[in-house]
Amino acid sequence: MKKFSGSALLLDRSDINTDEIIPAKYLTENSKLALKPYILEDLKLDGFDPQRDPQKAEVIVTRANFGCGSSREHAVWVFEVNDINVVIAESFARIFRQNMFNCGMLAIELSAADIDSLFEMGPDLHIAVNLDKETVLAESATSQRTFAFTLNSFDKELVAAGGWLAYADKKY
Amino acid sequence: MGKTIAEKIFAAHRRDNPSGAHTVLDLDVVMCHEITTPIAINDLVERGLDKVFDPSKLKVVIDHVTPSKDSKTATQAKILRDWARRHKINDFFDVGSNGVCHALFPEKGFVRPGYTIIMGDSHTCTHGAFGAFAAGVGTTDLEVGILKGVCSFRLPETMKINIVGELPAGVYAKDVILYIIKELTVNGATDKVMEFVGPVVDAMSMESRMTLCNMAIEAGGTCGVCMPDQVTAEYLWPFIKDDYDSLAAAVADFATWHSDADARYCAELTFDVSNLVPQVTYGYKPDEVKDVGELDGTPVDQVYIGSCTNGRIEDLRQAAEVLKGCKLAPGVRGILAPATPLVYATAMTEGIIQIFLEAGFCVTNPTCGACLGMSNGVLAEGEVCASTTNRNFNGRMGKGGMVHLMSPRSAAAVAVRGVICDHRTL
Numbered sequence: 001m002k003k004f005s006g007s008a009l010l011l012d013r014s015d016i017n018t019d020e021i022i023p024a025k026y027l028t029e030n031s032k033l034a035l036k037p038y039i040l041e042d043l044k045l046d047g048f049d050p051q052r053d054p055q056k057a058e059v060i061v062t063r064a065n066f067g068c069g070s071s072r073e074h075a076v077w078v079f080e081v082n083d084i085n086v087v088i089a090e091s092f093a094r095i096f097r098q099n100m101f102n103c104g105m106l107a108i109e110l111s112a113a114d115i116d117s118l119f120e121m122g123p124d125l126h127i128a129v130n131l132d133k134e135t136v137l138a139e140s141a142t143s144q145r146t147f148a149f150t151l152n153s154f155d156k157e158l159v160a161a162g163g164w165l166a167y168a169d170k171k172y
Numbered sequence: 001m002g003k004t005i006a007e008k009i010f011a012a013h014r015r016d017n018p019s020g021a022h023t024v025l026d027l028d029v030v031m032c033h034e035i036t037t038p039i040a041i042n043d044l045v046e047r048g049l050d051k052v053f054d055p056s057k058l059k060v061v062i063d064h065v066t067p068s069k070d071s072k073t074a075t076q077a078k079i080l081r082d083w084a085r086r087h088k089i090n091d092f093f094d095v096g097s098n099g100v101c102h103a104l105f106p107e108k109g110f111v112r113p114g115y116t117i118i119m120g121d122s123h124t125c126t127h128g129a130f131g132a133f134a135a136g137v138g139t140t141d142l143e144v145g146i147l148k149g150v151c152s153f154r155l156p157e158t159m160k161i162n163i164v165g166e167l168p169a170g171v172y173a174k175d176v177i178l179y180i181i182k183e184l185t186v187n188g189a190t191d192k193v194m195e196f197v198g199p200v201v202d203a204m205s206m207e208s209r210m211t212l213c214n215m216a217i218e219a220g221g222t223c224g225v226c227m228p229d230q231v232t233a234e235y236l237w238p239f240i241k242d243d244y245d246s247l248a249a250a251v252a253d254f255a256t257w258h259s260d261a262d263a264r265y266c267a268e269l270t271f272d273v274s275n276l277v278p279q280v281t282y283g284y285k286p287d288e289v290k291d292v293g294e295l296d297g298t299p300v301d302q303v304y305i306g307s308c309t310n311g312r313i314e315d316l317r318q319a320a321e322v323l324k325g326c327k328l329a330p331g332v333r334g335i336l337a338p339a340t341p342l343v344y345a346t347a348m349t350e351g352i353i354q355i356f357l358e359a360g361f362c363v364t365n366p367t368c369g370a371c372l373g374m375s376n377g378v379l380a381e382g383e384v385c386a387s388t389t390n391r392n393f394n395g396r397m398g399k400g401g402m403v404h405l406m407s408p409r410s411a412a413a414v415a416v417r418g419v420i421c422d423h424r425t426l
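So the sequences go chain by chain: X and R.
For the first sequence, position 134 (counting from the first letter as 1) is numbered 134 according to the numbering used here, and the numbering increases by one without interruption.
For the second sequence, position 259 (counting from the first letter as 1) is numbered 259 according to the numbering used here, and the numbering increases by one without interruption.
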């Protein structure tokens with residue numbers, strides 16, 4: 001299994017789309033690694049620098065409908081090759097969410113109130129996901145909180161199998 | 001309790017129920033293009049799994065950047081081309097016979113009511129216009145689809161969208177779907193099937209229904225779907241005439257897929273479009289939609305007519321009615337990308353291409369091109385485009401560009417005036 005902990009990058013906006021995560025002009029790359037420098041390149045947020053801010057992040061915390069738009073799995077791979085294996089959001093677009101689990105990565109949904117709390121604790125936030133207990137442990141310099149989430153058994157099996165291809169190849 | 005069309009299709013295709021929440025479906029068609037498939041192919045090859053579940057169920061096209069514009073896109077095309085040849089995939093469309101996937105594949109008769117269809121492309125929801133369950137997926141889902149012929153979905157709830165009233169002259173399916181997205185928001189139908197019903201939908205051509213279903217994803221919908229009827233059967237007749245004794249028999253068979261009267265919906269919404277006016281987007285989200293009058297006078301640099309949303313013959317006809325005998329406004333660039341070779345050829349025969357050329361448009365080959373900022377009309381920083389495509393995301397048609405989505409007729413009027421305007425005032 002992949003690593004599901006680390007320092008968080010807080011993206012304070014809903015409806016961040018896959019074109020913002022990885023612009024279409026990079027879809028001509030035929031390797032995942034080649035996408036690495038272009039993470040979140042077209043995301044415009046106050047104070048956010050796509051060159052600087054994703055560097056040390058291993059978890060993303062954001063608002064509602066994350067990953068909407070295109071079906072491009074490149075939006076998941078660009079996180080994967082930047083060692084970001086967890087996105088925590090109020091909600092996800094369907095295809096992006098499925099792509100995360102299909103790659104053995106985590107798309108965790110928390111309530112709007114819990115997401116608010118995470119933003120209040122930020123910006124220097126460390127996140128650790130406990131998949132067995134279904135909890136997110138968030139730590140800042142001054143506080144520590146635990147949030148509960150739920151994952152269905154199939155999503156967990158995909159993560160354990162390392163993704164949908166490995167799972168499906170064995171089963172079907 | 002009755003079933004919705006999506007529930008009927010799920011029941012007829014269920015392979016597995018791995019968690020209760022998810023259903024693994026057998027697939028009737030797996031569609032592939034050169035942007036999302038080559039990485040799937042490379043990965044399958046690396047894993048020693050270079051197989052396809054059924055070559056007759058794979059439909060393959062090079063459409064996003066074609067003919068290839070550089071070495072990278074040439075490599076993508078080559079990977080797809082070689083793979084199609086290697087696996088004897090007969091339905092492969094290359095330069096000369098290719099077109100925008102969601103316009104080309106219906107035209108070739110690859111879609112049927114009740115089908116399950118996936119593609120590594122979010123606008124796959126277009127094919128729901130034929131009463132199919134058609135969903136965009138990522139590359140991993142595509143790989144499994146290619147290899148095993150299955151895909152997993154959460155059983156989506158269905159939202160019934162009843163479109164009533166009478167569509168006013170000059171107002172089209174594009175205006176209707178933009179208005180619905182504005183009302184639902186970009187997140188309003190996430191994980192849901194959007195079932196489009198009602199007299200306005202019944203009266204729509206297949207082209208219009210495809211426009212409607214095409215943008216279901218812009219409200220977050222898994223799939224858009226229309227009830228397959230006489231219009232569907234007539235469109236498909238050249239491909240199904242050996243399967244049925246008569247058109248009426250096909251219509252009756254198609255009706256078995258219709259949602260039952262007592263089916264359960266998560267929401268039932270009614271939109272009366274009798275007073276709808278042409279709609280235009282502003283901002284960077286497809287739910288940021290206004291009546292055209294509110295954007296009146298906004299200058300544009302480019303007009304783009306094409307794409308899987310509005311690059312079909314009906315769309316070109318609507319635009320040509322406005323453009324006939326007119327010229328592009330000074331300083332405005334016009335680009336027409338007919339969605340398929342058949343659309344192109346039909347437009348030639350009908351004199352539509354001539355109208356566009358005389359107006360000063362550049363007519364490109366069928367391709368996705370500028371819709372996603374990959375070729376044939378990418379915007380520069382600060383430029384504004386009136387476009388018949390489906391996404392106005394920041395950077396979508398070129399970094400720093402602004403896109404206003406609208407109907408083909410509205411776009412044609414902008415081309416002539418040079419500013420956003422109500423085409424009905426021309």
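Please note that a few of the clues may not be correct.
SDA-like, lysine to any residue: derived pairs with alpha carbons at most 25 Å apart [stated by the list, open to error]:
(1) 69/R / 29/X
(2) 399/R / 47/X
(3) 25/X / 364/R
(4) 171/X / 71/R
(5) 2/X / 71/R
(6) 170/X / 46/R
(7) 69/R / 31/X
(8) 25/X / 15/R
(9) 69/R / 30/X
(10) 156/X / 22/R
(11) 171/X / 350/R
(12) 399/R / 48/X
(13) 290/R / 14/X
(14) 72/R / 31/X
(15) 32/X / 240/R
(16) 44/X / 284/R
(17) 2/X / 42/R
(18) 36/X / 381/R
(19) 36/X / 71/R
(20) 44/X / 394/R
(21) 25/X / 1/R
(22) 171/X / 26/R
(23) 156/X / 44/R
(24) 25/X / 82/R
(25) 156/X / 10/R
(26) 78/R / 26/X
(27) 171/X / 15/R
(28) 156/X / 71/R
(29) 25/X / 22/R
(30) 44/X / 299/R
(31) 399/R / 31/X
(32) 25/X / 78/R
Because the hints were derived from the structure by calculation, they are not lab data.
In this text, all values refer to a predicted model and were calculated from it rather than measured experimentally.
Which numbered hints fail: Of the numbered hints given earlier, those the structure breaks are 4, 5, 8, 11, 15, 21, 28 and 29, listed in rising order.
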